[in-house]
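> So the chains spell out like this:
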Amino acid sequence: MILISLYFLGIVAESITGAIAAGKHKMDVFGVLMISSVTAIGGGSLRDMILGHYPLGWVKHPIYIITVLVASFLTIIFIPFIKSIYKIFIYLDSLGLVVFSIIGTKVAMDMKLSLIVMVISAVITGVFGGVIRDLFCGKVPLVFQHELYASVAVISSLTYIISTYFFNDESAMIITLISGFVVRLLALKYKLGLPYFKVD
Amino acid sequence: MILISLYFLGIVAESITGAIAAGKHKMDVFGVLMISSVTAIGGGSLRDMILGHYPLGWVKHPIYIITVLVASFLTIIFIPFIKSIYKIFIYLDSLGLVVFSIIGTKVAMDMKLSLIVMVISAVITGVFGGVIRDLFCGKVPLVFQHELYASVAVISSLTYIISTYFFNDESAMIITLISGFVVRLLALKYKLGLPYFKVD
Amino acid sequence: MILISLYFLGIVAESITGAIAAGKHKMDVFGVLMISSVTAIGGGSLRDMILGHYPLGWVKHPIYIITVLVASFLTIIFIPFIKSIYKIFIYLDSLGLVVFSIIGTKVAMDMKLSLIVMVISAVITGVFGGVIRDLFCGKVPLVFQHELYASVAVISSLTYIISTYFFNDESAMIITLISGFVVRLLALKYKLGLPYFKVD
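So the sequences go chain by chain: A, B and C. For the first sequence, my numbering begins at 1 and goes up steadily by one. For the second sequence, my numbering begins at 201 and goes up steadily by one. For the third sequence, my numbering begins at 401 and goes up steadily by one.
Bear in mind the hints are in silico, worked out from the structure with no lab data behind them. The reader is advised that the hints may include incorrect statements.
What the hints assert, rightly or not - No more than 25 Å apart at the CA atoms, straight line, and that leaves these computed lysine-lysine pairs for DSS-like: (1) A:139 <-> C:487; (2) B:226 <-> A:139; (3) C:539 <-> B:339; (4) B:339 <-> C:426; (5) B:339 <-> A:189.
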């Protein structure tokens with residue numbers, strides 16, 4: 001089932017980004033595992049709590065959280081051998097963002113919620129794991145200042161919703177995954193962003 | 201229905217304060233919309249999640265969130281033309297505080313919860329949108345250090361509870377709205393506050 | 401009933417630590433009461449919201465929150481007369497940590513959740529009150545950098561789970577309480593910690 005594969009892809013990607021972010025703040029192994037877990041499953045958990053969608057995925061299927069912990073632990077072990085960590089961080093984070101946006105949209109769609117709630121569900125699932133990660137590391141959440149970050153969640157969500165009218169569910173997911181990932185990478189490469197707003 | 205009007209008044213007021221606060225941190229348009237939304241509906245959402253009061257208002261009635269987004273967007277457009285932004289911020293925030301305290305009290309009252317839970321519900325609804333806004337902007341939440349801020353939520357909640365014994369529901373709301381707003385403005389004008397507590 | 405006594409012990413201990421932490425940031429009396437309450441009941445509330453375990457304890461039994469408020473208020477009054485506040489803070493916080501870990505484990509156990517969710521429930525209950533306290537005070541949550549802090553929650557949870565196979569519930573609680581408290585104090589005394597992880 002492609003949705004499950006996507007989900008595992010997303011939580012592994014985000015738990016690695018969580019471990020890297022935690023490592024930048026000199027935390028002990030346990031702290032890293034916690035930040036990793038929150039990054040990987042925090043957005044989805046918050047979405048489920050907001051939508052009253054119980055039980056939460058990882059509470060029902062502990063294999064999800066075990067996967068996150070293993071991925072985080074392996075990151076700690078192997079990261080000293082890896083170069084260009086920042087690039088890996090960016091790619092994985094972009095992947096996680098698009099995957100989680102698809103899943104967030106689908107959860108709200110299956111609950112027969114309205115269009116705007118589907119999109120908000122995508123944004124919460126896609127970006128709030130990272131928001132909580134940044135808060136725990138004592139930083140202003142970067143999502144609020146980034147090039148097309150949360151916007152990619154919106155674009156992915158709308159792409160997926162529209163695609164389901166024309167294609168079957170699995171094709172819609174793959175179309176969204178590829179196009180969302182490309183949009184995010186283009187935004188990064190060309191520093192595309194929304195206009196800034198500043199009050200003096 | 202006066203409650204609905206009050207609710208719209210509250211979320212519009214708070215979404216404007218959220219947009220202004222976000223603008224002080226140079227965020228992109230999307231970041232502003234997110235901070236605005238969290239400020240306007242964060243307190244009520246947290247209250248509903250704590251009380252198990254599902255579905256959340258804006259999930260059921262997406263018009264609430266659309267209102268917030270429109271108010272936030274209009275703020276971005278029109279704020280360059282406005283003087284004395286700080287004063288507007290303070291008035292709107294005070295209005296939102298009192299309105300949300302009334303609504304928080306009423307939700308707990310309708311769930312037949314105890315007196316102290318009604319008051320806590322008012323405080324959560326009234327101040328936590330602002331608390332989350334401040335956390336997202338990387339600041340110590342000002343509510344914990346402000347002149348009679350959270351206290352106004354308590355006073356409004358008690359005023360409303362007591363008023364419902366003597367008046368009908370709508371009159372109780374109007375009495376609370378006016379008296380709470382006046383107390384808050386007096387507290388600001390005369391810098392009234394609770395005694396401070398300091399551990400060395 | 402030993403569980404109830406433990407629970408009161410835990411919330412009183414943690415509300416005192418919350419009041420002390422708030423006092424270090426010069427907050428008004430109301431801010432102190434709020435930080436105290438969040439520290440004492442925040443971890444358990446978050447756990448219940450994550451597990452869908454409604455109604456929350458203090459919503460159903462307002463005596464819990466009244467206890468927290470009274471303990472916090474008494475702390476404000478009596479703390480000027482007390483020496484070595486830091487030591488008291490550490491002992492109380494350690495006590496609260498172990499007590500809440502036991503309770504978190506038991507809640508998940510009674511809901512027949514899996515082993516790993518029991519342990520996570522212990523960690524959430526034990527440490528997240530303090531995490532939210534630190535966020536509200538504008539600090540990087542210390543739990544992520546501390547000597548065997550969250551690890552004590554894991555150790556206590558596992559000790560309790562294993563003990564219930566060999567002893568009755570109350571004995572298991574007492575065994576866990578004593579051994580967890582001793583492990584935490586030894587970790588503090590000898591600065592035991594997990595290895596650190598750092599990404600350059």
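> Taking each numbered hint in turn, which are not upheld by the structure, reported in ascending numerical order?
1, 5
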